[in-house]
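**Student:** Working from the sequences, and respecting the hints, build out all of it.
The sequence shown runs -19 to -1, 1 to 330 under mature numbering (1 follows the signal peptide of the UniProt record, and there is no 0).
Hints in this document: simulated from the structure, not taken from any laboratory. Just so you know, these numbers come straight off a predicted model, no measurement behind them. A portion of the hints provided could be inaccurate.
In silico DSS-like pairs for lysine-lysine, Cα to Cα no more than 25 angstroms straight-line [claimed, not checked]:
| no. | residue 1 | residue 2 |
| --- | --- | --- |
| 1 | LYS253 | LYS155 |
| 2 | LYS181 | LYS197 |
| 3 | LYS197 | LYS155 |
If you anchor each label on the Cβ, the simulated ranges turn out as follows [said to hold, decoys possible]:
| no. | residue 1 | residue 2 | range |
| --- | --- | --- | --- |
| 4 | ASP280 | THR211 | 22 to 28 angstroms |
| 5 | ALA144 | SER227 | 21 to 27 angstroms |
| 6 | ASP280 | GLN210 | 24 to 30 angstroms |
By construction, the Cβ of each residue, glycine as well, lies at the ideal position given by its N, Cα and C atoms.
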Amino acid sequence: MLPCVCLFVLLPLCVRGQADVLLSTPSKSLIFPTDQPVLEDTAAPSVPTTTESFANAVTTLEPHVPSSTTSQHALDRDSTRTIVQSTATTVTLNIPPAPLPTSATTAQPTPVPTNATTALPTPAPTNATTALPTPAPTNATTATTPGPTSPPQPTVGDYVVRAEWNSSACLMAKMGLQFSFKMGDHFQTVNLDPNPNVTKTSGICGNSGFATLVLKSDSITVQFIFANQTSKFFLSALNLTVTDGSGATFTDQTGNLSLWEASLGSSYMCKKEQSFNISDALILNTFELQVQPFEVMNDQFSTAHECSVDDSSLLIPIIVGAALAVLILIVVIAYVIGRRKTYVGYQTL
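**Tutor:** Below, the structure is given as structure tokens:
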């Protein structure tokens, strides 16, 4: 009798514990309220015949009764049967148990690297103005652009005018010529090339009181007019035409000159460089000048009348030599006077 009583007591408890385990796992499709469940009277489906064997199998287990169930009051046999019937009804709902949450970390698959190039979006142009920093003032000196440099000293050439190609010379000149002329707001400087293949020489002999020397190249044409008056000659006029590289032409005609004056039968010579302001737009520079426009003998220059520049260059050495001579004379006189005073002193003693 005692084993039967124990069987009826333990069987409901084991079934209750199994039902609690099944009900403690919530379904993904059912939401169980937290309040005490209400048992509804539903038609229970047919229970397979294996239920009894299931109950018999449960009786052979040693159930683990939770501590919370020990505090509940003992159920009588009728109540136990009702709970078993309810539990059996609940089990037949085929509710799949939800998997218990685990702390296992699932390894994510490593993506295979690709060589695809992602095109970056092209930024739209903006009209924003960036303020530039204001540079600090400096004391730097601005380099000025140098003006055009003057050509080198011209080459000295020999020019001869003859009445006939086989006659003796009637006019001779030796000089280097350089012209500075004003084109627009600036002066330009050109040299005359004395090469006979570049510059042609022509002129008029001075039988009528005037002699002319004409020198002509591709870009320069210059005419010197000499006058013969009162046993002297001089340069009375100069005409110049120059065509620059751009095709512009400069022309100057100046008369009433009185340059390179010398006596007839002699030549005018100036070895130093001379500069003559022919007009406001023309400057003539000569180098190693010697000219004889009249009375040329045997194709040679006559005695030269040197310019004032050459005279001053000769005068300076003369002045220096004279000063040295005077100084030496003073020293000699002082020495003689000193010797005489010394001799007189010896006589007194």
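**Student:** Work down the list of hints and note, for each, if the structure agrees.
**Tutor:** Results of checking the hints against the structure:
no.	hint	in the structure
1	LYS253 x LYS155	holds (13 angstroms)
2	LYS181 x LYS197	holds (5 angstroms)
3	LYS197 x LYS155	holds (16 angstroms)
4	ASP280 x THR211: 22 to 28 angstroms	holds (27 angstroms)
5	ALA144 x SER227: 21 to 27 angstroms	violated (39 angstroms)
6	ASP280 x GLN210: 24 to 30 angstroms	holds (25 angstroms)
Hint violations for this structure: number 5 only, all remaining hints satisfied.
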